[in-house]
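Colleague: What follows is the residue order along each chain.
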Amino acid sequence: METQWPLVIFTLCLCLAGGLLFMQSLMALLGKGSAKFQKMAAIVNIAVIVIGGIAVFFHLQHWERIFNGFGHITSGITHELIMVVLALAALIIFLVLLKKGELPKWAAILGMVVAVVLVFVTANSYNMAARPAWNNFAWYLNIFADAYLMGAFGAWALAGIIDDESCAWNGKQSIFAAIAKAVAVVIYAINIATVKFASVGHYFDPTQPTKPVVETGSYISRMLSGDLALAFWLGVVIIGIVVPLILAWLKRGKDAKDAEYFAIAAVLCAIVGAICFRTIFFALGSSVFLFY
Amino acid sequence: MTQYAILTDLNRCVGCLACSVACKSVNDVPIGNFWTKILRVGPNPKFEGADFPDIEMYFLPVGCQHCGKPECVAVCPTRASTKHANGSVQIDKEKCIGCQFCVMACPYGVRYLNEEEMVVEKCTLCNQIIEAGGLPQCVAQCGGRARYFGDLEQGLESFKGPELYGDEYVTVGGELSRAATDGLVKQFSEGDIHKLPDVGNDPSFRYILRKFKWQG
Numbered sequence: 001m002e003t004q005w006p007l008v009i010f011t012l013c014l015c016l017a018g019g020l021l022f023m024q025s026l027m028a029l030l031g032k033g034s035a036k037f038q039k040m041a042a043i044v045n046i047a048v049i050v051i052g053g054i055a056v057f058f059h060l061q062h063w064e065r066i067f068n069g070f071g072h073i074t075s076g077i078t079h080e081l082i083m084v085v086l087a088l089a090a091l092i093i094f095l096v097l098l099k100k101g102e103l104p105k106w107a108a109i110l111g112m113v114v115a116v117v118l119v120f121v122t123a124n125s126y127n128m129a130a131r132p133a134w135n136n137f138a139w140y141l142n143i144f145a146d147a148y149l150m151g152a153f154g155a156w157a158l159a160g161i162i163d164d165e166s167c168a169w170n171g172k173q174s175i176f177a178a179i180a181k182a183v184a185v186v187i188y189a190i191n192i193a194t195v196k197f198a199s200v201g202h203y204f205d206p207t208q209p210t211k212p213v214v215e216t217g218s219y220i221s222r223m224l225s226g227d228l229a230l231a232f233w234l235g236v237v238i239i240g241i242v243v244p245l246i247l248a249w250l251k252r253g254k255d256a257k258d259a260e261y262f263a264i265a266a267v268l269c270a271i272v273g274a275i276c277f278r279t280i281f282f283a284l285g286s287s288v289f290l291f292y
Numbered sequence: 293m294t295q296y297a298i299l300t301d302l303n304r305c306v307g308c309l310a311c312s313v314a315c316k317s318v319n320d321v322p323i324g325n326f327w328t329k330i331l332r333v334g335p336n337p338k339f340e341g342a343d344f345p346d347i348e349m350y351f352l353p354v355g356c357q358h359c360g361k362p363e364c365v366a367v368c369p370t371r372a373s374t375k376h377a378n379g380s381v382q383i384d385k386e387k388c389i390g391c392q393f394c395v396m397a398c399p400y401g402v403r404y405l406n407e408e409e410m411v412v413e414k415c416t417l418c419n420q421i422i423e424a425g426g427l428p429q430c431v432a433q434c435g436g437r438a439r440y441f442g443d444l445e446q447g448l449e450s451f452k453g454p455e456l457y458g459d460e461y462v463t464v465g466g467e468l469s470r471a472a473t474d475g476l477v478k479q480f481s482e483g484d485i486h487k488l489p490d491v492g493n494d495p496s497f498r499y500i501l502r503k504f505k506w507q508g
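Chains as they are written, first to last, in this note's numbering: chain A, 1 to 292; chain B, 293 to 508.
Excised from the complex, chain A in its bound form:
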């Protein structure tokens, strides 16, 4: 199906927000990062969620009816809306608590739980039996890996910008996150190779009597060497994983100087990679039963 750009931005923002919320909560739990870092992370995170919220309005045809969206508890969109509100509430609680001092452990655990559920419902919304390429655990794995990747690099960038003592620790986390995303992408590719469709349709067009409706071919070959290869190899693999990993590796260790430039470049690369991954996701999102 066609790339739904507002949804690309929305899921991207929710992953970044979830990842960053998890990382700052984890840091609070482990006693890493200053109150200044925590405040900055919370403010940036609120901005990210707001951007995601604005993006989703562009997807809705009747955005003025958005509050109807809380109306059906089996719907993934309802889950997302609820979790967005809860994530914003958690971040506001963080800011209130930070005014009084450091984040308590219960708040850190609350933040981690909200972050994990937020990322889960984001992935779960697209888990549809009608679309085989979406209906698998590898999608969930990649969304969590995206959240970890962008969250870790985002935290590293924020720590670098304010010269926080957690900069080196976040840099190390970023290396783990890039490796985790690489593993998730390999699992996704293996999974895509097994996708099956029940395709019987042809165009109802006498001038093209044998043309199939959709060239299903092998989805894995589309991704590795076909029309999606550029987005996959250059976008997801090189820009999205390899470059951030190299940048994090170059600045590993406690005495890293000018890490913020590397970290900002790395997080931007991770975002580009996550966007490319989502465009591939939509391109592979054909229905189980293909016709015009």
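Don't read these hints as lab results, they were simulated from the structure. Any given hint could be a false lead.
As the list claims (entries may be wrong) - To give an idea of the interface, some chain A residues facing chain B are shown, with a C-beta separation under 8 Å as derived from the structure:
| id | residue |
| --- | --- |
| 1 | His59 |
| 2 | Leu60 |
| 3 | Gln61 |
| 4 | His62 |
| 5 | Arg65 |
| 6 | Gly69 |
| 7 | Gly71 |
| 8 | His72 |
| 9 | Ser75 |
| 10 | Gly76 |
| 11 | Ile77 |
| 12 | Thr78 |
| 13 | Met128 |
| 14 | Arg131 |
| 15 | Ser287 |
| 16 | Val288 |
Where is the CB? At the ideal position from N, CA and C, for every residue including glycine.
Following the hints, put chain B in place on chain A, whose structure we already have.
Modeller: Below, chain B alone, put in the same frame as chain A:
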């Protein structure tokens, strides 16, 4: 429990598109959208390695299958898509926000965004007609007399189409204008009854295809 559905005898369907046109005419379906559309399946070889003339082909009318467990209803965030007491799946346009997740969740690609009203639409099973006792327009105007309408819970034998030699194809509420499947449809076995691929949504529509291989 009632589950209204349409039964199509594919051995009678000639691919004339009358159902598609009738549907568009009665329901004011926008250009580019199809609440009922015809898929040509084949020509396919009758056996491995077969070539002309050993080929076979059939036409498959496809629309909303008014599923038993409709995923479009489950994913709708506003309850705009609901399953009615008669088993049909309907959309309340006043509630639809146009998020199109139902379009993504439908396995059959039969939901469309109405770009004038900015809401999602699909086959209503001509609810305005069947509630008054009539037949869906695609059934009433089927050029091959291949379509029949009825309650799946009452069995396929209870399905009815327009009368064979009547002057009027449909008389709303008039049983006299109907002909039962046992009067028109040639004998079929359980193995001849098919439905579209089921990914847990339990499609309600049934298709009869004899002698040919059901392609899935």
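Colleague: Are the hints correct? Go through all of them and say.
Modeller: Structure-based check of all given hints:
At a threshold of 8 Å, the smallest CB-CB gap from His59 of chain A to chain B is about 7 Å, leaving the interface hint in force. At its closest, the beta carbon of Leu60 of chain A sits 5 Å from a beta carbon of chain B; the interface hint therefore holds under the 8 Å criterion. A distance limit of 8 Å between C-beta atoms decides the matter here; for Gln61 of chain A the minimum to chain B is near 2 Å, and the interface restraint holds. Nearest Cβ of chain B to the Cβ of His62 of chain A: about 5 Å, under the 8 Å cut. The hint holds.
Taking 8 Å as the C-beta contact cut-off toward chain B, the hint placing Arg65 of chain A at the interface holds, the least distance being around 5 Å. Restraint check, Gly69 of chain A versus chain B: the minimum CB separation of about 4 Å is within 8 Å; hint holds. With 8 Å as the threshold, the beta carbon of Gly71 of chain A comes within range of chain B, its nearest partner Cβ sitting at about 5 Å, so the hint holds. This hint holds: His72 of chain A has a C-beta 5 Å from the nearest C-beta of chain B, less than the 8 Å allowed.
Given hint, Ser75 of chain A at the interface with chain B, holds; its Cβ is 4 Å from that chain's nearest Cβ, closer than 8 Å. A least Cβ separation of about 6 Å between Gly76 of chain A and chain B falls short of the 8 Å threshold, and the interface hint therefore holds. With a cut of 8 Å, the hint placing Ile77 of chain A at the interface with chain B holds, because the nearest CB-to-CB distance is about 4 Å. Interface restraint check for Thr78 of chain A: the shortest CB-CB distance to chain B comes to about 5 Å, inside 8 Å, so the restraint holds.
The beta carbon of Met128 of chain A is positioned within 8 Å of a beta carbon in chain B (closest approach about 5 Å), and the interface hint is therefore held. Here the hint on Arg131 of chain A is kept, as its CB sits about 7 Å from the closest CB of chain B, short of 8 Å. At about 5 Å, the closest approach between the beta carbon of Ser287 of chain A and any beta carbon in chain B falls short of 8 Å, and the interface hint on this residue holds. Of the supplied interface hints, the one on Val288 of chain A holds, with its beta-carbon coming within about 5 Å of a beta-carbon of chain B, less than 8 Å.
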